[in-house]
Amino acid sequence: MDAFLQGLTLVFNFQTLLVIAAAAIFGVFVGAVPGLTATMAVALLVPITFYMDPTPAIAAIVTTSAMAIFAGDIPGTYLNIPGTPASAAYVGESHQLARQGRARETLGTNLVCSIFGGLFGTLVLVFVSPSLAEVALKFSSFEYFWLALLGLSCSIFISIGSKTKAFLSLLVGLLLSTVGLDMMSGAPRFTFGIPDLMAGVNFIPVMIGMFALNELMMFYGSSNEGRNVPAVHKDKVFGSVPQHLKRYWRNLLRGSSTGTLIGALPGAGADIAAWISYAMGKSRSKNRDAYGTGHIEGIVDASSANNSGISGAWVPALVFGIPGDSITAIVIGVLYMKGMNPGPTIFMEGGGLVYALFTVFFIANLIMLPIGYIAIRSAKVFILTPRKVLMPIILCFCIVGAFAINNAITDVWIMLIIGLVAFILARNDFPMAPAILGLVLGGTLENNFMSSMLKSNGDLLSFFSRPISAGLGIMVILIWLLPLFVRLYRRYCGASRDQSPRTP
Amino acid sequence: MKDFMLGLAFMAAGAIVYVVAQGFPTMPSLQYGPSLFPSLIGGGFMIGGLILAISHGGALKGIAHGIAWRPAPERMRNLLLSLLPALAIVFYILASEWLGTMLCLAVIMFVMMLARRTSPILALGISIVAALVIDLVFSRYLLIPLPEGLLSLWG
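Chains A and B, in that order, give the protein sequences.
Here the working numbering is used: the first residue of the first sequence is 1, the next is one more, and so on.
Here the working numbering is used: the first residue of the second sequence is 1, the next is one more, and so on.
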């Protein structure tokens, strides 16, 4: 009890609360500017946290990441550009809704789902973290290989339009992930003698190029200035939320729990949580055809999942010192700097610090309600600012943002080249999201395949020799065979319908 | 027509990736070397490109009948305009070292706003303010070493 009270006093003081409020506003800003990701926000915060005590430092990171993941939905809804990759899964859906004049309603639902997801993930973090992390710890390279393949397969099969194009788009991303030094042999691949490419293609310039630059080029290529969103808001932010929550409470719970679980698995973060939850929601929905045309159901699933994933990622990070995603990878570094060694001992030696951290999670998610509300109300800035003025400013943010990752002009080149390729592909109806997922998961996929092969002396059947691995493997195979089954089923149904009139 | 050409382009890219991947060194102890994944990706490009090309093979007939693909002048103009952001980035890459980030960004924003017929005074004002803010946030607060260029002479 003493430790708990000590934890509360660490959080409820002027300095920490001020840091939380400032971090929330910073998170909204970074999340809402396309091309700046939650990970980048956290990375940019690290130098500032040098000058802080452990509790406000962690509070700043937790609040910024939660806020940025939500705020990523704002440009996604209004401009069809996801603010962070975690919003990419349902950006089409929310933009369609905005075009119907339901932008605020969509964002209000997003906000409440994000808060619910975040709190759900926090409760899991507080109560179930040790046992959950144990399950994730049992995973070896075999399971991670299948998990990565599962995420990639989902990205193809939940895409709208030609699956061949989605497949090719995914391969573009996978190809980008192979650039750099090979993990096993150290051989350089596709580096063309450029030293900056030795460490691989950085994810953030690619994301800026694919989503932001491509969108900018589309804008300049079209002669209409027309705003896609009506500027007059008749919908209320929270007006329809109770109705949506009542209708889709199962999706909310499913999205939150899936998100937490995926977030807790190392290597899989908020973006993959959103993708998988969206795909799960779609496959289990009664209104499957409504997906892609502006359907709030998919948003409920995915937006609760990405925020719960952020909290879930802390489970293995705190308990075992294994980062659940790229944000917690940075966090682990900060924890060490602050003398809080992540691992089981943190619960024994940390005293009030652990309780302070848990409290911070609750506050960070609750503060999202007022600040998120203000952000949605002032999101008008995005639509009332004419796009002819907004787009050049976004371009400048993109240039400086891409440069800021490594302070290298190579990243600006990468953004440019990827943007041009993405422009050609997107103009011809290639989906962009599989490519981003391919880039993110390509390394995980290849490294886990290689280390599995080293362990099993090249025996491919070993991928099915462990129960969880076999289960995941069968899931992947089923996903790939599903379209075939569906086609056969339809043909069968069609054949029986054709025959039925002939029968007397 | 476009999908057919893209299919062919993917097939060619796949072939190049596959050939380059064969040149990656392998280690005798490793059964699967660094060339495995790139080779699979190259193969995937070729198969996917082939499927794309075949499913839009009708375009070949158009070529056979001598119908040349010639874009309308307006489409050509739009295509050139869509390259404007890309040109702006090239300008930044080439000029930022001596002009400095702040001036570069201001020029880029000003020109791009004019291209979409924003009033020149408004464009000039917004460009200068936005360039100042972006440069200040990134170089002063986030401590990113953006090139100062000409403005550094002022101290």
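Simulated from the structure, these hints should not be mistaken for lab results.
Note that the structure is predicted; figures quoted are calculated from it, not measured.
Among the hints, a few may not be true.
In silico DMTMM-like links for lysine to aspartate or glutamate, alpha-carbon gap of 25 Å or less [said to hold, decoys possible]: (1) K2(B) <-> D53(A); (2) K138(A) <-> D429(A); (3) K388(A) <-> E74(B); (4) K236(A) <-> D459(A); (5) K163(A) <-> D3(B).
Comparing the hints with the structure gives:
1. With a C-alpha separation of about 58 Å, the suggested pair K2(B) and D53(A) falls outside the 25 Å cut-off, and the hint is violated.
2. Taking the CA atoms of K138(A) and D429(A), the gap is near 41 Å; set against the 25 Å cutoff, the hint is violated.
3. Distance restraint check for K388(A) and E74(B): the Cα-Cα separation of roughly 20 Å lies within the 25 Å cut-off, and the hinted pair is therefore satisfied.
4. Proposed proximity of K236(A) and D459(A) is contradicted: the alpha carbons are some 58 Å apart, above 25 Å.
5. Between K163(A) and D3(B) the alpha-carbon distance is near 14 Å, which keeps this suggested pair within the 25 Å criterion.
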